[in-house]
Amino acid sequence: MDLGLEGKNAIVTGGSVGIGSAIALGLAREGCNVAINYRRHDTEANEVVRQIEAMGRKGLAVKADVSSYDDAQNMVKTVVETFGRLDIMVCNAGINWDGVIWKMSEEQWDTVINVNLKGYFNYNKAAAQVMKDQKGGKIVNISSINGMRGKFAQVNYSASKGGEIAMSKSLARELGKFNVNVNAVAPGMVMTEMAESIPPEFLTKAMDETALGRFATPEECADIVAFLCSDRARHITGEVIKIDGGQYM
Amino acid sequence: MTRVGIVGIGHGVFGRRSDATVQELAFEAFRDAIKDAGIDRDAIDASVIGAVPEYHKQRSMAGVVQEYLGLVPKPTWLTEVACASGSAAMRTAWMSIKAGVHNVVAVIGCQKMTELETAEILALMGRVGEVQWESGFGTTFPGYYAMFAKRHMHEFGTTRDQLTEVAIKNHHYGAMNPYALFRKEITKEKAAASEEVATPFQVYDCCANADGAACVILASEGRAKEMTDKPVWLDGMGVATASMSVLRRPSLVGLPSAEKAASDAYSMAGVLPVDVKVADVHDCFTIAEIMAIEDLGFCKKGEGGPMVAEHQTYIGGKVAVNVDGGLKAKGHPIGATGVSMTYEIAKQLRGEAGDRQVPDADIGLTHNVGGIGQYCFVQVMKRD
Amino acid sequence: MFKWFGKVNYTPYTKVSDFARYLKDGQLMASRCKSCGSTSFPPRADCLECMSGDFEFFELSGKATLDTYTKIVAAPTGFEDVVPYIVGVVDLEEGGKALAWFGDSIYEDEIEIGMELQIVPQIFDESEEIKVYYSLEQPGTTWSKASGVST
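Chains as they are written, first to last, in this note's numbering: chain S, 1 to 249; chain L, 1 to 384; chain A, 1 to 151.
Derived by calculation from the structure, the hints in this document are not laboratory data. Treat each hint with caution, since some may be false.
Subject to a maximum C-alpha distance of 27 Å in a straight line, what follows is the list of computed BS3-like cross-link-like pairs (lysine-lysine) [said to hold, decoys possible]:
(1) S:Lys177 - A:Lys15
(2) S:Lys177 - A:Lys63
(3) S:Lys132 - A:Lys34
(4) A:Lys7 - L:Lys260
Computed far set for chain S versus chain A, every beta-carbon distance over 12 Å [stated by the list, open to error]:
(5) Asp42
(6) Leu60
(7) Arg85
(8) Glu174
(9) Leu175
(10) Phe178
(11) Met191
(12) Phe202
(13) Leu203
(14) Glu219
(15) Glu220
Note that CB positions come from ideal geometry on N, CA and C, so glycine has one too.
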């Protein structure tokens, strides 16, 4: 299925590793020029850009802290200047710092909320400003099924992920009349580096929850994102699509 | 066909009449007119009420006026064409006599503008223009005339001072009219210091809403001559329309409806603009009086500003205009205005206008506009 | 969806309701009678010339010349939050007139009767409902680049 994304310009936050790099490469494969932002993984970020360029697209890596409002404004400005316009914004950069609430510090809460929730606000806003004026665009926010169902020892993370879903729906209402679609994708367990830090007994438990008996790959997440970024999904907005093999039903 | 004569006139005080209902206001003017005509109320065959219904709480208000005047079971009907509703009442009464249906008809223009809350007034104000393509941009009544003024200034060099001259003159005469809302003179400085409404208009460029009523009793030629030795004849009755939307008008420096109504009225009466000694014109805004004297042919198009500045519209000038204070100083109870204008011109032609009397007034005219020129009624009136 | 047209709309139902849908997508449309070819702006469903009710929309260039204008300071209900605003009447290049607000691209002291203008479709960005209108802008202003009302 041709998604018609040839020549579109995209930003993927947290695009150096994990789901983010798969989304960046997935969009590039469909024909997009892609800018990624990263915080720590310089080598990985450069490798993603190299692969994007190897596919004949424009690539750009910007070191930026997603919790910084100014960094977000600057990155979107740089991308619009470099690529000409911004068609797609994928917010993906996120962290977790788990703990039951009676052991969760204020710093633990603030750090996760700042990166995940405020970070999405920063990039959603920067993109909205551009897309409103150009009367078109696609925003996809990568959330989590834990933002829908809650998760033991994740009040900070699940609150941020639930917040991202609510943000997407509100923004879908604000931007609908400007032909901008805003959707959320909520993965279940995905086989990434971030998942590798999870103790095996939790992984087994998560696996048991799925109907398909396996976890998603980052590439499978990238597929649904690419679809939502395409004109094929033009009538979908304010939607949350789980990609979890039936883990949360 | 019979001529139609005015045999009785009455007028109430215009202003914020929180002391009276609309039918009580109507009664004041009606009682005056009956007394003036020296007739018995039973002599009246029918009444016509000129009023704009959306300002009143009472729906279909002709009925309540008719009842309060004691005219039941005689026929009555209401006429509505916005600010020209009073003239429409005049015209339909005149038509009914011309047609031989009625012999004596009372015309009552009455309006209470202050029954509504400010919020309701503001909501009505937003629907004065053509609502499909214009009101969505927040156009207002002053806004439209302000645009006419801007265009007039651009095309003819009409000045801010010339607009003010209209207000100064009308307040000058308003100060002498016991029925006027504003009975004091104004200065150029005072006008210039008033609040902005819609450029180039300030508060003193706009007429004020008022409550009030006026009444005129009309009769067929034969009855008129029996009833009075000083009848005033409605010899030229012109009415015309222009598009509701300003977007459908070829020009915005005058009212095409006024030009047409005036030329029809002149030819019906067999008079020329130069024959007119005294006129009451629809000065809802200062520019409206300048456009009116042009549309009526008192001067050429574009020369209204200088004519006003040279005081040619004062008593003693080429033609005395709005020497009762006009809408500007007398106040504008919209349904009453056309009848009030007729009252004033009848008074002038009878030679009863006191210190505001225009010398040798034998031919007079009223010019009453509805909306922003969608309707215009011109009456040429003569004395014997 | 004619109720989209105007900051306040008094006529949600009309035979030319698609006008607002076109406007939302950046197109300023006039009507053309399919029977005699006469055109109208504002659009009319029923031909003023031949009385036919068969019409089609066609897109205007939006090029216009200023006929007259005013800055409205005393506003009616529904416009309190945008007052003061400048309203202009323009003559369209293809015939007909339009009434619209001056937009952000023109400063008040630049306004002059006779100036060339561009009518640009607009979407109210702070209203939850869809509301569309058009504004008077500098020649060359495009749909996607203009937003907001000049005050």
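Original post:
Hint numbers the structure violates, sorted upward?
Top reply: 3, 4, 7, 8, 9 and 10
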